[in-house]
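Okay, here's what each chain looks like letter by letter:
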Amino acid sequence: MQGNEGESEKSHPLQPAVPRPGSPTDLELMQGIQREDPEALSQLYDRYNGILKALILRVIHNEAEADDLLQEIFMEIWNQAKNFSAAKGKPLGWMVTLARRRAIDGLRKKQAYLRAEERLQQETEQQPEAWVHNSTEEEILDGDRRILIQRVIGMLPPPQQQAIELAFFRGMSQREIAANTNTPLGTVKTRLELGLKKIYDGLKELRDEL
Amino acid sequence: MSFEEFQNRARLFVVGALDADEMAEFEEARREFGEKAEAFIAECYSLSEAFALSLKPAKASDQIKTRLMEMVKNRQTR
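Heads up: the sequence lines are chains A and B, in that order. Just so we're aligned, residue 1 is where the first sequence starts under the numbering used here, counting upward by one. Just so we're aligned, residue 1 is where the second sequence starts under the numbering used here, counting upward by one.
Source of the hints: derived by calculation from the structure; they are not laboratory data. Ideal Cβ placement from N, Cα and C applies to all residues, glycine included. Be aware that a few hints might be false.
[Claimed, not checked] One side of the interface only, derived from the structure: several residues of chain A facing chain B at Cβ under 8 Å:
(1) 36
(2) 38
(3) 49
(4) 51
(5) 70
(6) 76
(7) 82
(8) 84
(9) 90
(10) 98
(11) 102
(12) 146
(13) 164
(14) 193
(15) 199
(16) 200
Here chain B stands alone, though its shape is the one from the complex (with noise of 0.2 Å):
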């Protein structure tokens, strides 16, 4: 696989949107590439943050907080 090739898969893979036997090929590519590969798919995250970022922002319950605050100092608790 070119790093071409590469980088489009790696798109694909942060919008989860890879199919399984791409996948495979993916990873072989992912190792070979070593270090370059890693730092060009933390680059493509940009993506998925960017599909999240384009939505307005959703209000949540005011008790989401109060019930995951009480739920981690529990955990500490304990």
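Here chain A stands alone, though its shape is the one from the complex (with noise of 0.2 Å):
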């Protein structure tokens, strides 16, 4: 499970929705809650929130915001739960994708985007923060999922990981991206197409062969 550190629960790699034996699934929880049936939500909570926080805190840099965040993204989760469709994908990406954009609102409305920005334009001149980093033996070996999907990530140019980066962590649009990094709009594009193209498909290999 993808839980927080230290949870016996394991799941199969780029599945975070197999639970264990006997457990609910995320879709039969999103119906649950569907159904307002608050332990359905609390399971849910349970599984998913160290994923969401670590997500938020990504975006806003802020401890106490974060959590704040957190609890109203759950209780949006709550709220929404009847738009969830599954027809239109799993209920981990619907989460990431509300959790994502609650987040970068969030960061908007509190005008820290501005002192942001002006920091991740220090760090992209002086030298960009790594996304992911090498793995140690030791973490390959165990298998974690997260260790998985970084290498799938870490294969990518440091230019091509670093336009998804402000993308999808920071909001940025495509224009953003090429005034923030002093780069031509039309590579941003290429950058960003290849690398959420090698991606995809790096991710597709992944469960192909596990």
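Bring the two chains, given one by one in their own frames, into a single complex with the hints.
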């Protein structure tokens, strides 16, 4: 399971929704929330609060605000569950999209955006913060899903990783990325398209292999 | 727009990287390709799942869940 460190539930890499035998699937929990069952929300929270908090933190870089936002996001999951449709994707993808959007909105509303942008500009000009790091041999051996995904992302050239990170975790448009990195818009488009295709194909290969 | 081009745009769409002018073209192609387009977009959400799953989980304050469940309970009793 990908929840907080130390949880014993192990899931199939790249299939985060596979719970322990006998536990409800993500889809079953979403259906429970649609029927307004608080226990379903409680279980979904236990399963994904760590991942969603990490995502929010990556966007807003503030522990207390991230906690508040996490609570708001799970409340929104409760309120908006009726809009979830399994035909349009998995529950985790839906939750990540919702959480990312709220985190980026929160960042902008609290006017921290400019400050973060300045910090980002400095980081970009000096040395971009690595999204993924080289894994230790031990980490690779433990077969953790996170490591496998990081390896797929880590295979991209750094400029492609950076463009994707700015789009996904900072909510920047292609034009904003171009301006922030002093890169021609066409180059940014190409980096994003190539990078995303490689990750998409890499994830598909991983799923096929496992 | 070819379907291959649509696929590129769909990947940009799910990570929120489509510019406004591209969005209109994308939505038009989405309607044109219909179910095939929707199925591909659904698959593309594996990208945003993967970006979230690539991060080390963070510990949330213990109070968050308590407050959340209280809010849900209050909403139900209203």
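Legend entry - Contradicted hints - numbers only: 6, 7, 8, 10 and 11
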